[in-house]
Amino acid sequence: LESLGAVNSEVTIEEIFISLNNISEKFPTLIVLDEFQDISQIDEVESLFRNAFQQMESVPIIILGSKKHMLRDIFAMPSSPLANFGHDVGIEEIEYGKYHKYILERFSKKKLKISESNAQFLQNIMQRQPEAINLLCYEIYQSNQSKVIDKQIILRALDQLLDQRNKRFEVM
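In our numbering, the protein residues as written are 842 to 1013.
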């Protein structure tokens, strides 16, 4: 951004995207914007992004965010400047068998084993959310060695995990 003469001054969204557009003419470029829903807290910024995105037709832009309800308001509400912009891509659930293999690979370092049916039970109680599954598996991994993991161990680890994090849930 030095070339914009903006070393010690504020830089606008338009200036950032002009620079990115100039870069994209010389180098393959991909723009990834994470936690994009946070723009909703700034007045009129959705319109600025819509304009900037339209100026960058040849540059792929990936928009990510964890708060789906806010992203819905930004991209699905007819009155939103970004309504119907882009294409939605969903990430499908990981197949039970593939996740089971992954769990076994991670557990092998401590000689832990888990049957496919118990791995499926574990995935289901964590609503098939990869981050939640990984947290529970880590708790099991930390608390056990050289065991066959059954439903009782899974539920005990879940209780421990919830006990460790209960203050977070109380705050929410």
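Any given hint could turn out to be false.
As the list claims (entries may be wrong) - Using 25 Å as the maximum straight-line C-alpha spacing, the simulated DMTMM-like pairs for lysine to aspartate or glutamate come out as follows:
1) 1008 - 957
2) 908 - 933
3) 909 - 933
4) 942 - 885
5) 942 - 957
6) 950 - 929
7) 908 - 876
8) 988 - 957
9) 867 - 884
10) 992 - 972
11) 1008 - 980
12) 952 - 929
13) 954 - 936
14) 951 - 929
15) 950 - 933
16) 951 - 875
17) 942 - 879
18) 909 - 866
19) 909 - 875
20) 992 - 946
21) 950 - 884
22) 909 - 946
23) 954 - 929
24) 867 - 885
25) 992 - 957
26) 942 - 914
27) 909 - 885
28) 908 - 972
29) 908 - 929
30) 867 - 856
31) 939 - 991
Quick caveat, the hints were computed from the structure, so don't treat them as lab data.
Results for each hint:
1. Taking the CA atoms of residue 1008 and residue 957, the gap is near 33 Å; set against the 25 Å cutoff, the hint is violated.
2. Of the pairs offered as hints, the one joining residue 908 and residue 933 holds, with about 17 Å between alpha carbons and a cut-off of 25 Å not exceeded.
3. Only pairs whose Cα atoms come within 25 Å are accepted, and residue 909 paired with residue 933 is accepted, the gap being roughly 15 Å.
4. Between residue 942 and residue 885 the alpha-carbon distance is near 47 Å, which puts this suggested pair outside the 25 Å criterion.
5. Between the alpha carbons of residue 942 and residue 957 the distance comes to roughly 9 Å, so the proposed pair stays at or under 25 Å and holds.
6. Between residue 950 and residue 929, the direct Cα distance comes to roughly 39 Å. Violation of the 25 Å bound is thereby established for this hinted pair.
7. In summary, the hint linking residue 908 to residue 876 is supported, as the alpha carbons are separated by about 8 Å, within the 25 Å threshold.
8. A hinted pair counts as satisfied when its Cα atoms are at most 25 Å apart, and residue 988 with residue 957 qualifies at roughly 15 Å.
9. Taking the CA atoms of residue 867 and residue 884, the gap is about 33 Å. The hint is violated against a cut of 25 Å.
10. In summary, the hint linking residue 992 to residue 972 is supported, as the alpha carbons are separated by about 20 Å, within the 25 Å threshold.
11. Annotation: proposed proximity of residue 1008 to residue 980 holds, straight-line Cα distance about 17 Å (limit 25 Å).
12. Under the criterion of a C-alpha separation no larger than 25 Å, the hint pairing residue 952 with residue 929 is inconsistent with the structure, at around 41 Å.
13. The suggested pairing of residue 954 with residue 936 holds, with an alpha-carbon distance near 19 Å, which does not exceed 25 Å.
14. Taking the CA atoms of residue 951 and residue 929, the gap is near 40 Å; set against the 25 Å cutoff, the hint is violated.
15. Pair hint residue 950 plus residue 933 does not hold up; C-alpha atoms about 28 Å apart against a cutoff of 25 Å.
16. At roughly 35 Å between alpha-carbon atoms, residue 951 and residue 875 are farther apart than 25 Å, so this suggested pair is violated.
17. Between residue 942 and residue 879, the direct Cα distance comes to roughly 36 Å. Violation of the 25 Å bound is thereby established for this hinted pair.
18. Under the criterion of a C-alpha separation no larger than 25 Å, the hint pairing residue 909 with residue 866 is inconsistent with the structure, at around 33 Å.
19. For a cut-off of 25 Å, the pair hint linking residue 909 to residue 875 stands: about 12 Å separates their Cα positions.
20. Of the supplied pair hints, the one linking residue 992 and residue 946 holds, its CA atoms being roughly 19 Å apart against a limit of 25 Å.
21. A C-alpha spacing of about 51 Å is found between residue 950 and residue 884, which places the hinted pair above 25 Å, so the restraint is violated.
22. As the CA atoms of residue 909 and residue 946 are separated by approximately 32 Å, the hinted pair breaks the 25 Å bound.
23. Of the pairs offered as hints, the one joining residue 954 and residue 929 is violated, with about 38 Å between alpha carbons and a cut-off of 25 Å exceeded.
24. As the CA atoms of residue 867 and residue 885 are separated by approximately 31 Å, the hinted pair breaks the 25 Å bound.
25. At most 25 Å may separate the alpha-carbon atoms for a hinted pair to count; residue 992 and residue 957 meet this at roughly 12 Å.
26. Simply put, residue 942 and residue 914 have alpha-carbon atoms about 38 Å apart, too far for the 25 Å limit, and the pair is violated.
27. Distance restraint check for residue 909 and residue 885: the Cα-Cα separation of roughly 20 Å lies within the 25 Å cut-off, and the hinted pair is therefore satisfied.
28. A threshold of 25 Å between alpha carbons decides the hint, and for residue 908 with residue 972 the separation of about 15 Å falls inside it, so the pair holds.
29. A distance of roughly 15 Å separates the Cα atoms of residue 908 and residue 929; the hinted pair therefore holds under the 25 Å criterion.
30. For the given pair, residue 867 sits about 17 Å from residue 856 by alpha-carbon distance, which is consistent with the 25 Å threshold.
31. Annotation: proposed proximity of residue 939 to residue 991 holds, straight-line Cα distance about 19 Å (limit 25 Å).
Hints 1, 4, 6, 9, 12, 14, 15, 16, 17, 18, 21, 22, 23, 24 and 26 from the earlier list are contradicted by this structure; the remaining hints agree with it.
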